[in-house]
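Undergrad: Following the hints, complete the assembly by docking chain G onto the known chain X.
Top line first, the protein sequences correspond to chains X and G. Those letters in the first sequence? Residues 1 to 490, by the working numbering. Those letters in the second sequence? Residues 1001 to 1490, by the working numbering.
The set of hints was computed from the structure by calculation and includes no laboratory data. Only true hints are included.
Computed cross-link-like contacts, BS3-like style, restricted to lysine-lysine with a CA-CA straight-line distance of at most 27 Å:
id, chain 1, residue 1, chain 2, residue 2
1, G, Lys1022, X, Lys133
2, X, Lys133, G, Lys1348
3, X, Lys57, G, Lys1049
4, G, Lys1456, G, Lys1233
5, G, Lys1133, X, Lys348
6, X, Lys22, G, Lys1057
7, X, Lys201, G, Lys1057
8, X, Lys32, X, Lys98
9, G, Lys1134, X, Lys22
10, X, Lys77, X, Lys133
11, X, Lys428, X, Lys456
12, X, Lys478, X, Lys428
13, G, Lys1134, X, Lys14
14, X, Lys22, X, Lys405
15, G, Lys1216, G, Lys1233
16, X, Lys32, G, Lys1087
17, G, Lys1250, X, Lys98
18, G, Lys1087, G, Lys1133
19, G, Lys1450, G, Lys1472
20, X, Lys8, X, Lys488
21, X, Lys428, X, Lys411
22, G, Lys1318, X, Lys57
23, X, Lys134, G, Lys1032
24, G, Lys1255, X, Lys32
25, X, Lys405, X, Lys348
26, X, Lys452, X, Lys14
27, X, Lys250, X, Lys216
28, G, Lys1014, G, Lys1234
29, G, Lys1049, X, Lys201
30, G, Lys1057, X, Lys348
31, X, Lys57, G, Lys1201
32, G, Lys1134, X, Lys348
33, G, Lys1022, G, Lys1008
Derived DEER-like restraints, expressed as beta-carbon distance ranges:
id, chain 1, residue 1, chain 2, residue 2, range
34, X, Asn417, G, Glu1263, 50 to 58 Å
35, X, Val107, G, Val1107, 18 to 26 Å
36, G, Glu1185, X, Val307, 30 to 38 Å
Owing to the predicted nature of the structure, the values given are computational and were not obtained by experimental measurement. The beta-carbon is built from N, C-alpha and C at its ideal position, and this holds for glycine as well.
Next come the chains, spelled out residue by residue.
2 protein chains.
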Amino acid sequence: MKKGITPKSQDYNKWYTDVITKAELADYGPVKGTMVIRPYGFEIWDRLKNSFDTRFKETGHVNAYFPLFIPKSFLAKEAEHVEGFAKECAVVTHSRLKTNESGDDLVVDPDSRLQEEIIVRPTSETVIWSMYKKWIHSYRDLPILMNQWANVVRWEMRTRLFLRTSEFLWQEGHTAHETEKEALEETKRMLDIYQEVVEEKMAIPVLTGTKSDSEKFAGAEETYCIEAMMGDKKALQAGTSHYLGQNFSKAFDVKFQTKDNKENFVYATSWGVSTRLIGALIMVHGDDKGLRLPPNIAPIQVVVIPVINKEYDPDKFKVYIEKLITEMDDNDIRYYVDDREQYTAGYKFNEWEMKGVPIRLEIGPRDINNKQAVMARRDIGEKETISINDSFKTIQSCLINIQEKLFSQAKKFQEDNTFTVNNYNDFKVQINKGGFIRCGWDGSPESENKIKEETKATIRCILTEQNTSNLKCIYSDKPAQHEVIFSKAY
Amino acid sequence: MKKGITPKSQDYNKWYTDVITKAELADYGPVKGTMVIRPYGFEIWDRLKNSFDTRFKETGHVNAYFPLFIPKSFLAKEAEHVEGFAKECAVVTHSRLKTNESGDDLVVDPDSRLQEEIIVRPTSETVIWSMYKKWIHSYRDLPILMNQWANVVRWEMRTRLFLRTSEFLWQEGHTAHETEKEALEETKRMLDIYQEVVEEKMAIPVLTGTKSDSEKFAGAEETYCIEAMMGDKKALQAGTSHYLGQNFSKAFDVKFQTKDNKENFVYATSWGVSTRLIGALIMVHGDDKGLRLPPNIAPIQVVVIPVINKEYDPDKFKVYIEKLITEMDDNDIRYYVDDREQYTAGYKFNEWEMKGVPIRLEIGPRDINNKQAVMARRDIGEKETISINDSFKTIQSCLINIQEKLFSQAKKFQEDNTFTVNNYNDFKVQINKGGFIRCGWDGSPESENKIKEETKATIRCILTEQNTSNLKCIYSDKPAQHEVIFSKAY
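Bound-form chain X, shown alone (with noise of 0.2 Å):
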């Protein structure tokens, strides 16, 4: 029934929703902005939470549960904040539904106005610092190392599965602590996480940085982060990690008697990745046949394909691969035999392509006599015939070539379309053709501003590692400030 995936080079929008459906990873939800994310694209965001949750154990970090709604009052109390966020969001400003008076239909309680409105969490900063306020009294009750993974509501019409939608999922990490540069430290320890995770794990090469003051979390001093290019040569900002300051401790008075007795508000962090890191991987790694999962973060690393013709005898089947099987078990590789006999082998292969799943063996009667097997690669669709009794190892070194081939081939992809720009007619032609711009930039919101305008290029960070010597500005020719990375951004 399912029709084939638009070509990227067609239509890259819609190759990316036919992408989603047809791999059913999600669909759209009955209200307008909302997702139902389907059980194969859960596996992955499950495989993707473990990843980050035993890093942030392993950094000492305990996980917690804050309410979901949030009283209007609160956004108000950060100023900044507030103009970041409050403006789209759900606002719950009744308690009670009644049948209405012909008694064929349900309305809205006019009587259960509440008194003051409630807002779905954009983002949790608010909520937990009005707690911290009651739990943080003393040097001893610090630090706070907790996070939390929930999900938020930001009002979006313009919806996209993973990457745009009213609800998604995430983490956020909230901490507090005593000294600057204890929370500096910890802003910088979780961006060194995502970054490892999302290579490692997901294969997708990032660019690490901070933000301008323009792009930087409302509410924040500082914010670093992730940048990753997706396929179509755009970026997408895949994770961030704010240094709050003491903003938001001043904005809930969450002060603390120090070491030596004094008082000092709080020093804090928050910290964020979310669903969309779904649609990076998406777009970073998929083709025309749909996607290519890194098997560190498949969830079927192999499937098994009898060729089921009338020499097909299930019995001698299952023997026949059952020392595999027994390997892989032993080595927690994840696979699926797929003898189901409604299908045919065309139709499998198509979906488990579709679906992305590294390696596919295909075993038939002559395989079988021959005690060999066809194993087929996702990534770069080539075909070997290799021996049943050394398979286990050959998929085992395959599972790692495809893993690092896939973050090479990324890689690539970003280097190739990085470019080095001196002038800003270059600059506009180049952001035209798509990729990165690696140049210099004076630090002003103007220069920063005009580029937007005239090329809907944005700062996607200020690079971590750079070289401002002689470096100018690519806009105003001013002496840089920075250097930094341009791009037109999902």
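TA: Just chain G, lined up with the frame of chain X:
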């Protein structure tokens, strides 16, 4: 700073809240009715979640995620469902805030009023069946065995941490089947899993059965439940599994093509357990010193505390416990070495007793000289001097013993407080003293309602194992249709 816990005997409700706040399981959120689950409480929930999730997956279920927001009109589709659920809920009516005219406050932007109001999910049958409508066409698409871990909202003004809060965390399974038989088997399978986890992990004995029509889930044909007795002899519904028949498939028009090429509505189940289970854990096992956690669910199973005095030598202590630590690591025993120097031994003993850690190991300089340690059991409060060389084995078998002991103690309490009565006067006398009453019921809503009005007791369950021969209804004296458990309940 922490004061003691109010004794159970003095004020059960106060005792319950004291345990939660002083063991730092949870706290009140800023919006009335909401709860913050603190890290220690959240870790218990996480362990419970993993125990359930493993069993869900073993029985073929997959996780997914459906939207938080439900169109108001969906709730009106299944008539009984509306009656039971739609009344008290969070209604989203607007999607934007703006700064007021004087520029000093945030107000709801009247222009952002939604065309159709949105409900924050109280449960997800409606939104899930609207998706199943898109996904189910043929018997080949069945069964669908999905579960989600999510937050849900039911407006509550009388908050009781874990037991009754506006927002709570739970899992909700939603399955779709070809036949009534298959769906009924699923309903019972999930009830068995609930019983297994609650009894084996939480050491809470439960009764199983079905609900009367007045107590069953709005929209279900039959509600199966597990029911537990709390420390004050009241009942708590600990989990429910619903056979939904074709109610939701008819409401959402979900038909499928059968194997013999006909058309039929899908058969459904739904089942859930929530963070309310943590309330049960506290009330079943807690005592005047705080929590008593069953080892199988305890975040920390063993706390090792050095006696810190003049003779204390951290290096020597470390060497002394090295073998035990290695053995605990190798066997996945969850332990914490509390060598914090800023707290007294008394403070630590009190803290870990409050937090219900099953075993405490105290080690002083004299113990080191004698190659021993003092092992204190949280469940029965006894202390024992044990050999350090055998300490791992002693601890291991003690943990098993504590788990069994907590279960058998709770089981005995439940049995001792379950009474069989033969006439309504005895019923009324006994129900005021507390406990479960096992008796006959004629099956009529009239008798059930009268008993509820006159005694506040409800039918907790129609017992799975029952004998109605010669049994009469406790209220009407007519022949009993069912043998049931009556009790006051949370």
